[in-house]
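Enquirer: Work the whole structure out from these sequences, hints included.
There are 2 protein chains.
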Amino acid sequence: MRQVAILGIGQTKIDEHWDLSLREIGGNAAFAAMQDAGMDKIDALFIGNMLSPIVSGQNQLGTFFSDWVGLWGQEAVKVEAACASGAAALRAGLMAVASGEIDSALVVGAEKMTDKAGHDVTAALATAADADYEVEQGISFVGINALVMRRYMYEFGWKHADFAPFSINAHANAMHNPFARLHQKINVEQFEKSSMVATPINLLDASPIGDGAAAVILVPAERVASLKGKPKITVAGSASATDSIAVHSRKDPLFLSAAYESARRAYEMAGVQPGDIDVFELHDAFSIMAALSLEACGFAERGQGVRLGLDNEISPNGRVPVCTRGGLKARGHPVGATGMYQVVEVVQQLRGGCGETQVDGARVGMAQNIGGSGATILTHILKAE
Amino acid sequence: MRQVAILGIGQTKIDEHWDLSLREIGGNAAFAAMQDAGMDKIDALFIGNMLSPIVSGQNQLGTFFSDWVGLWGQEAVKVEAACASGAAALRAGLMAVASGEIDSALVVGAEKMTDKAGHDVTAALATAADADYEVEQGISFVGINALVMRRYMYEFGWKHADFAPFSINAHANAMHNPFARLHQKINVEQFEKSSMVATPINLLDASPIGDGAAAVILVPAERVASLKGKPKITVAGSASATDSIAVHSRKDPLFLSAAYESARRAYEMAGVQPGDIDVFELHDAFSIMAALSLEACGFAERGQGVRLGLDNEISPNGRVPVCTRGGLKARGHPVGATGMYQVVEVVQQLRGGCGETQVDGARVGMAQNIGGSGATILTHILKAE
Numbered sequence: 001m002r003q004v005a006i007l008g009i010g011q012t013k014i015d016e017h018w019d020l021s022l023r024e025i026g027g028n029a030a031f032a033a034m035q036d037a038g039m040d041k042i043d044a045l046f047i048g049n050m051l052s053p054i055v056s057g058q059n060q061l062g063t064f065f066s067d068w069v070g071l072w073g074q075e076a077v078k079v080e081a082a083c084a085s086g087a088a089a090l091r092a093g094l095m096a097v098a099s100g101e102i103d104s105a106l107v108v109g110a111e112k113m114t115d116k117a118g119h120d121v122t123a124a125l126a127t128a129a130d131a132d133y134e135v136e137q138g139i140s141f142v143g144i145n146a147l148v149m150r151r152y153m154y155e156f157g158w159k160h161a162d163f164a165p166f167s168i169n170a171h172a173n174a175m176h177n178p179f180a181r182l183h184q185k186i187n188v189e190q191f192e193k194s195s196m197v198a199t200p201i202n203l204l205d206a207s208p209i210g211d212g213a214a215a216v217i218l219v220p221a222e223r224v225a226s227l228k229g230k231p232k233i234t235v236a237g238s239a240s241a242t243d244s245i246a247v248h249s250r251k252d253p254l255f256l257s258a259a260y261e262s263a264r265r266a267y268e269m270a271g272v273q274p275g276d277i278d279v280f281e282l283h284d285a286f287s288i289m290a291a292l293s294l295e296a297c298g299f300a301e302r303g304q305g306v307r308l309g310l311d312n313e314i315s316p317n318g319r320v321p322v323c324t325r326g327g328l329k330a331r332g333h334p335v336g337a338t339g340m341y342q343v344v345e346v347v348q349q350l351r352g353g354c355g356e357t358q359v360d361g362a363r364v365g366m367a368q369n370i371g372g373s374g375a376t377i378l379t380h381i382l383k384a385e
Numbered sequence: 001m002r003q004v005a006i007l008g009i010g011q012t013k014i015d016e017h018w019d020l021s022l023r024e025i026g027g028n029a030a031f032a033a034m035q036d037a038g039m040d041k042i043d044a045l046f047i048g049n050m051l052s053p054i055v056s057g058q059n060q061l062g063t064f065f066s067d068w069v070g071l072w073g074q075e076a077v078k079v080e081a082a083c084a085s086g087a088a089a090l091r092a093g094l095m096a097v098a099s100g101e102i103d104s105a106l107v108v109g110a111e112k113m114t115d116k117a118g119h120d121v122t123a124a125l126a127t128a129a130d131a132d133y134e135v136e137q138g139i140s141f142v143g144i145n146a147l148v149m150r151r152y153m154y155e156f157g158w159k160h161a162d163f164a165p166f167s168i169n170a171h172a173n174a175m176h177n178p179f180a181r182l183h184q185k186i187n188v189e190q191f192e193k194s195s196m197v198a199t200p201i202n203l204l205d206a207s208p209i210g211d212g213a214a215a216v217i218l219v220p221a222e223r224v225a226s227l228k229g230k231p232k233i234t235v236a237g238s239a240s241a242t243d244s245i246a247v248h249s250r251k252d253p254l255f256l257s258a259a260y261e262s263a264r265r266a267y268e269m270a271g272v273q274p275g276d277i278d279v280f281e282l283h284d285a286f287s288i289m290a291a292l293s294l295e296a297c298g299f300a301e302r303g304q305g306v307r308l309g310l311d312n313e314i315s316p317n318g319r320v321p322v323c324t325r326g327g328l329k330a331r332g333h334p335v336g337a338t339g340m341y342q343v344v345e346v347v348q349q350l351r352g353g354c355g356e357t358q359v360d361g362a363r364v365g366m367a368q369n370i371g372g373s374g375a376t377i378l379t380h381i382l383k384a385e
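Protein sequence lines correspond, in order, to chains A and B.
For the first sequence, counting from 1, position 326 maps to 326 in this note's numbering; every step adds exactly one.
For the second sequence, counting from 1, position 323 maps to 323 in this note's numbering; every step adds exactly one.
Heads up, a few of these hints could be off.
Repeated chains share a single entry, so a pair holds when one copy, or any two copies, can fit it.
[Stated by the list, open to error] Here are the computed lysine to any residue pairs in the SDA-like style, where the Cα-Cα straight-line distance is at most 25 Å:
{"hint": "1", "residue 1": "LYS193", "residue 2": "ARG151"}
{"hint": "2", "residue 1": "LYS41", "residue 2": "HIS248"}
{"hint": "3", "residue 1": "LYS251", "residue 2": "ASP43"}
{"hint": "4", "residue 1": "LYS251", "residue 2": "ASP40"}
{"hint": "5", "residue 1": "LYS116", "residue 2": "GLN137"}
{"hint": "6", "residue 1": "LYS185", "residue 2": "GLN137"}
{"hint": "7", "residue 1": "LYS13", "residue 2": "ASP115"}
{"hint": "8", "residue 1": "LYS193", "residue 2": "TRP158"}
{"hint": "9", "residue 1": "LYS232", "residue 2": "GLU101"}
{"hint": "10", "residue 1": "LYS159", "residue 2": "PRO200"}
{"hint": "11", "residue 1": "LYS159", "residue 2": "GLU301"}
{"hint": "12", "residue 1": "LYS116", "residue 2": "GLU136"}
{"hint": "13", "residue 1": "LYS251", "residue 2": "GLY303"}
{"hint": "14", "residue 1": "LYS116", "residue 2": "GLY138"}
To be clear, the hints were calculated from the coordinates, so they are not data collected in a lab.
Expert: Shown next, in the form of structure tokens:
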């Protein structure tokens, strides 16, 4: 396998884009990445998307987008792993370039969710869970996560307010990200008083949906080495692991074994340890997932993930900066696009372009994208050289 | 890139499987392939599927199946390219093994279609076309193909009966394939008198849908070389190419440029020419597509694809044997699984296990899988060594 670098990045603001189609949203992110990389000829397109068959009546998104962005005739394919579709597309593109089969890849994560009514989107999101054994019982996706959070609070003795720092940090950081959906600071009191969604998950524990797309251009690393003025940012680690799709089938529903395993493999591939990670874009679809992710990846002991927030270690100046651009919580969570937003944001950090939420001297960044309630988890580690 | 071999194959009968869920159908094909390969530990699973979000309310199929077939914790992902999803999954698995990132891959194509009413399936299949510019006008997927067929007949002077040999050959061959959906010989008179679907496409021009799954196990070729009694069947050529998703946007709607391009690249990679292909499993979703595929891949001149059938060259004893196990027309077309059925059938031919429809001395086989009306086309060439 040859080393692969990220040469260009692009993203759109996450919002309710009533004036833009899925085609335009994904295309805009792709064009931005192509412009950033200075490339308009690319060998192949990989797109991560979860909901377009249901929400937009559109399949075959690879070709749908290669056609739209002018990569006529080129290879194109869609990759889907529920909310981890973005990172799954990145990994597919990565292996294609690493194998030598292609010399450049445009990887896009795109999702348009707000064309449907709320209850339709809730039903669509439930396709990430087990249709036969979970959804059939009438539970929603947030309901499954609520059961996990409730058990975590019972098992480890935390109260709801202890999760507040995750959301407060995310909202504070999103204030400085023009692409974020929410630009609104919150405090503990607001966090505690927000509307209940599925006990104990309330509105400020949960990430907002949205329409959005993010994209990168992958090329062999040696190609970037010869370019002047372009930082060499390589994909140093990449791994994907799975767990049972139904939470009730797991030995321990409070441990993200797929996060542990994919992080372990990615650390090994990149030759780093948790302490080497300067910035960690984690998958805070719900505040409980932030805690579980930190624990599984070696940043906190079992049951102690929330302590990192309470000890003020997760801010851009902390020991383990997370959600530095707003995270899923405040940047927004256009499901199939999220994994690519995370990667684009890590690149922004490694390029030193994050302004008020820049992590000083960031050289190694990690992005972790979760599909379902921990069923499919991909971890990528990027390095600036 | 290292060379990759197919060590095991498996498939289920295509049918209306009222008693089996998507999970069981895909699992049965996977288990059969694992048993054939003598492997129960596999690094990663790649699944091709088009309709499960719509028909079964299930996304995240990679993990859904890795969980079910006992590959707990392993990497898993779904790949989608409409009716070319099967071959697209094969190509993703191929690149992962070829890159050295993984040492074995289970590739499955699975589809359950018959749980929905006919008009729902028609709507679901239309997601392969352009939702904004084609489907929005009210046209169905078969309607798009009907326009292409009508134009072809007008342009090149063929009458409807001239397409009969494609369907007659497919039905005759399926008689000897226990996994085929239809076991019923047909003649020209029946072909001409069958019910009209969308003029000029009638029921015997069109492939039947169905529930089914097919699977292969990919490993590095050097591993097979050391196994006694296992034929070494390698993936010698693999390529994917695209065209505009909407047929009306193409320079020439009667030429499958993505078939031409993917075949060209696959021939080059495998070091072969059309004349070297002993068996060609083509994508006869509609009889017109068989003709267009033969032309684009170099087996016939423009507008002369139907002549191969009229001249009796497409039977297992002919110059260009196609659909030797029944093709989409009679084996059946469970859309996302079809590409994997084609590959499994080519392996059966190269192993010499096709009985009455065996192509004598078959050493080089080709499978071509088409997504949409020619929008995404993958060509794979297998060699027996």
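Enquirer: Any of the earlier hints contradicted here, and which numbers?
Expert: Structure breaks hint 6 only.
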